[in-house]
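Trainee: Start from chain G and add chain R according to the hints.
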Amino acid sequence: ETGVTQSPTHLIKTRGQQVTLRCSSQSGHNTVSWYQQALGQGPQFIFQYYREEENGRGNFPPRFSGLQFPNYSSELNVNALELDDSALYLCASSLSGTANTGELFFGEGSRLTVL
Amino acid sequence: AQSVAQPEDQVNVAEGNPLTVKCTYSVSGNPYLFWYVQYPNRGLQFLLKYITGDNLVKGSYGFEAEFNKSQTSFHLKKPSALVSDSALYFCAVRVYGNNRLAFGKGNQVVVIP
Numbered sequence: 001e002t003g004v005t006q007s008p009t010h011l012i013k014t015r016g017q018q019v020t021l022r023c024s025s026q027s028g029h030n031t032v033s034w035y036q037q038a039l040g041q042g043p044q045f046i047f048q049y050y051r052e053e054e055n056g057r058g059n060f061p062p063r064f065s066g067l068q069f070p071n072y073s074s075e076l077n078v079n080a081l082e083l084d085d086s087a088l089y090l091c092a093s094s095l096s097g098t099a100n101t102g103e104l105f106f107g108e109g110s111r112l113t114v115l
Numbered sequence: 116a117q118s119v120a121q122p123e124d125q126v127n128v129a130e131g132n133p134l135t136v137k138c139t140y141s142v143s144g145n146p147y148l149f150w151y152v153q154y155p156n157r158g159l160q161f162l163l164k165y166i167t168g169d170n171l172v173k174g175s176y177g178f179e180a181e182f183n184k185s186q187t188s189f190h191l192k193k194p195s196a197l198v199s200d201s202a203l204y205f206c207a208v209r210v211y212g213n214n215r216l217a218f219g220k221g222n223q224v225v226v227i228p
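Going down the list, the sequences are from chains G and R.
Numbering-wise (my numbering), the first sequence opens with residue 1 and increments by one.
Numbering-wise (my numbering), the second sequence opens with residue 116 and increments by one.
With the rest of the complex left out, here is chain G (with noise of 0.2 Å):
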């Protein structure tokens, strides 16, 4: 267990409805990505929150937004929901700076389908 928890852990939607995706991140890890793993792929990054900001994002749309608060954990928003936002979706926390490895502490995923 890496002390990382997502919840929930399924949920349904219907196209152009809105979900929110939840993390608490493990003990003394200050910050928190995102990442959406589709059937049969590799995870890709969303983005990544530190002390609060958005610090640094992948190829994704801005309808996929996130908010991190000061107990370090974090949420994922997705707006307008399209059928291909159905996945996996991964939450991992770590260390920055000097403390930090680059080593990932994953979550157990919330699968969210849309239909």
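Source of the hints: derived by calculation from the structure; they are not laboratory data.
Since the structure is predicted, the reported quantities are computational estimates derived from the model, not experimental observations.
Be a bit skeptical, because a hint or two may be false.
Quick list of simulated restraints, FRET-style, between CB atoms [as the list claims (entries may be wrong)]:
no.	chain 1	residue 1	chain 2	residue 2	range
1	G	Gln17	R	Ala116	30 to 36 Å
2	R	Ala116	G	Pro62	20 to 26 Å
3	G	Thr101	R	Gly177	19 to 25 Å
4	G	Asp84	R	Ser185	38 to 44 Å
5	R	Pro228	G	Leu39	24 to 30 Å
6	G	Ala38	R	Gln186	39 to 45 Å
7	R	Glu179	G	Ala80	42 to 48 Å
8	G	Arg15	R	Ser143	39 to 45 Å
9	R	Ile166	G	Gly40	27 to 33 Å
10	R	Ser118	G	Asn79	40 to 46 Å
11	R	Gly177	G	Gln18	43 to 49 Å
12	G	Glu54	R	Thr187	30 to 36 Å
Glycine included, C-beta positions come from ideal geometry on N, C-alpha and C.
Mentor: Same frame as chain G, but now just chain R:
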């Protein structure tokens, strides 16, 4: 841009035989390389990493990986595979300057009893 390639979709191996999962990388500068494993309907679990130093890296569950700079490879190995090693294996490289990882497409490993 930093990237990794996993040329095989699936690797089948008999239980007790050596297991190798291939990965090649493309980076500018010194690479930070990782292997993760994913069991069905689960998140990714860290296996091992290479940052600097010894080219043979030992990790969790008896896995090891060999960094080869001349061949730009970072193959994952296990001397004797177990049925419980059946899973999806991902190679990844850290993108310079942040904690972002670029993952390969993954290799399904099937260990046959």
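Trainee: Could you run down the list of hints and mark each one as holding or not?
Mentor: Comparing the hints with the structure gives:
| no. | hint | in the structure |
| --- | --- | --- |
| 1 | G:Gln17 x R:Ala116: 30 to 36 Å | 34 Å, holds |
| 2 | R:Ala116 x G:Pro62: 20 to 26 Å | 22 Å, holds |
| 3 | G:Thr101 x R:Gly177: 19 to 25 Å | 21 Å, holds |
| 4 | G:Asp84 x R:Ser185: 38 to 44 Å | 40 Å, holds |
| 5 | R:Pro228 x G:Leu39: 24 to 30 Å | 27 Å, holds |
| 6 | G:Ala38 x R:Gln186: 39 to 45 Å | 30 Å, violated |
| 7 | R:Glu179 x G:Ala80: 42 to 48 Å | 46 Å, holds |
| 8 | G:Arg15 x R:Ser143: 39 to 45 Å | 41 Å, holds |
| 9 | R:Ile166 x G:Gly40: 27 to 33 Å | 30 Å, holds |
| 10 | R:Ser118 x G:Asn79: 40 to 46 Å | 30 Å, violated |
| 11 | R:Gly177 x G:Gln18: 43 to 49 Å | 45 Å, holds |
| 12 | G:Glu54 x R:Thr187: 30 to 36 Å | 32 Å, holds |
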